[in-house]
Amino acid sequence: MMILSGDPPRSRVLGLILVVIILALAAAPFVFPGAKAMNVAAKICIFAALVASYDLLLGYTGSVSFAHTMFYGIGSYAIAIALYAMGPNWAAVATGIVTGLPLAALLALAIGLFSLRVAAIFFAMITLAVASAFQVLASQMAWLTGGEDGRSFQLPELLRPGTVLIPKSLIGFELNGRTLTYYLVFVAAGLMILGLLRVVNSPFGRVLQAIRENRFRAEALGFRTVFHLTYANCLAALVAASAGILNALWLRYAGPDTSLSFSIMLDILLMVVIGGMGTIYGAIIGATIFILAQNYLQALMGVASRAAADAGLPLLPGLLHPDRWLLWLGLLFIASVYFFPTGVVGRLRSAGAGKA
Amino acid sequence: MTDLAATDPLPKPKRDLAPILLPIALALAVIPLVGSTSSWVTLTVASLAMGMMIFIMASGLTLVFGLMDVLNFGHGAFIAVGGYAATLILLPFAASLQVDSLWVNLAVLAPAALLSMAVSGALGLVVERVLILPVYGQHLKQILMTTGGLIVAEQTLYALWGPQIIPTPLPASLRGSLIFGDVAIAKYRLLAMLVGLVVFAAILLVLNRTKLGLLIRAGVENGEMVEALGYRIRRLFLGVFMTGSALAGLGGVMWALYREQVHASVGDELTVLIFIVIIIGGLGSIGGCFIGAILVAMVANYGGFLLPKLALVSNILLMVAILMWRPRGLYAVTSR
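Here the protein sequences line up with chains A and B, keeping their order. Under our numbering, the first residue of the first sequence is numbered 1, with each subsequent residue one higher. Under our numbering, the first residue of the second sequence is numbered 1001, with each subsequent residue one higher.
Calculated from the structure, these hints are not laboratory results. Worth double-checking, as some hints may not be accurate.
To be verified - Facing chain B, a subset of chain A residues (Cβ under 8 Å, in silico):
(1) A129
(2) D323
(3) F333
Ideal Cβ positions, reconstructed from N, Cα and C, are used throughout, including at glycine.
Whole structure, please, built from the sequences with the hints as guidance.
Right, dumping it as structure tokens:
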């Protein structure tokens, strides 16, 4: 209970699903040893943390930010540029962390002070504008960021796939640097999610929810809403930048497509809404569903598309083409905002409450 | 202060001229920086043309927000749909577009523009009924719903037309420039300016001289009161939404010809620009939107010429500067 900050899943089915997901992720290197499966598992961890931090903004304060990928990208690029410029050593990793995190927090502070005073809608527009300017800036400053190509880099010795820590002969499977990196990602993401759970269940988190429900009343009760919102914005930015650091470490690369593009922002939105806003647990569910769909649904759609093409149906092959998977997720997104705005988590919770 | 007699006419509201003077002052201020008069004229005409196109696309959005407090994050989809719909006419009649006669070209362009407006307007009807009606009055859900709508619209365009860029070359008679002395003015920009001015004049005329416009303006200021007086503000809103969508479609065609290509991602690109414009102008204000569009275009053009490095963030800087001066935009219309 302590570790969950007194906010358990509150639904037996949900608890079971979460346990299954977490166990599967924890055992991923041994149970699903393939490179693709490992990538999927690491991506789920990273995005669960990223989406949870976005949930702090969207679900708990009710402000829509479109600049979340910017912070994610700042983290990714900070570590990538540091490792690229200083070579693969731990000093470079530390440099990346101590430049990336404060930069993200400062930028979040500036945006917050500038635009959180006004309505949610204004904040959404300004973050969108700032994020798109940042994206252009990152691709133009090629001397620093590598432009459209991004930056590939080498990890410190310990984290490289070639580094064998425990050979296969000893315990039956090999524990190498790649496995270690995976667990680094897994543990760091887990800590971030638990930390966010702590934040939203603290008195501070309650104030955020009060602001979400009725900003005017929260202000009348004597809370400085701009301060609280800006603080939440900075916290979310810090976690997002940390997730970006993990992302870059896992991919050994940072580029516009993997860390900055607007489509990632849309992915985050889809994940948080499908999983369930304002629950933190929804982030884990949403990220798992979305990334599994992204990686495995596409193959299924490819089969369906070819079948439709063979059957000579009009339009369907195009609509079912694997590249169009976002179309179906978009429809799912609209449907879930409309029909079950509390997402999977909210659904499971209310189903459990109904039976009890 | 003097006392007013009951028979005296009401004092006229003060005209707020400072925002109107702003783009003029900006244009004059850059003359010495640009150096040559001919490049200044070219840049200014380019800014005006680009500004008019952005205005056409943004005008609907700002009115929709002002009238019903609905912000459509999927507005860019109408622009893209407009561009694609136009290709349905532009591509089959490509041959007549290459005839160097203004009238033959316009005979193809006009139906293409009308088709785009019709398709975008119809899509606006669907979007309003399906996406916005259920979440009316809830900002958060509106943003989510319309963003979802943008994703679906963009993906559907890719599914129907394929992901490649479709080239839409300019008609023969609109290519090239008119030369006055050493000043060159692209013909298409003149046409864009003309269309933009006509649209602006039409909107102003409808808003200021008709009963419909009176109701819309009253609705922007106080929707509940208009409803209490017995007008169906929902229907009014639907009409404004469809008109705004149709105008975005028209803007989409013009932008497609300006860029000489159509691609579904155009919606994303322009959405940001349009948001900046309506924030600068003051949400809900048509005049502010017009000035905002021209300012944004001027900063883009002059900035691109004078300080190419800064051009990327110039729009943001402009927005910050304007909001420091007037925190609710050039003309604050709504009380929100």
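Evaluation of the provided hints:
Because the closest C-beta pair between A/A129 and chain B is about 5 Å apart, less than 8 Å, the hint holds. Taken as an interface hint, A/D323 checks out: its beta carbon lies about 7 Å from the nearest beta carbon of chain B, inside 8 Å. Taking 8 Å as the C-beta cut-off, the interface hint given for A/F333 holds, the closest approach to chain B being about 4 Å.
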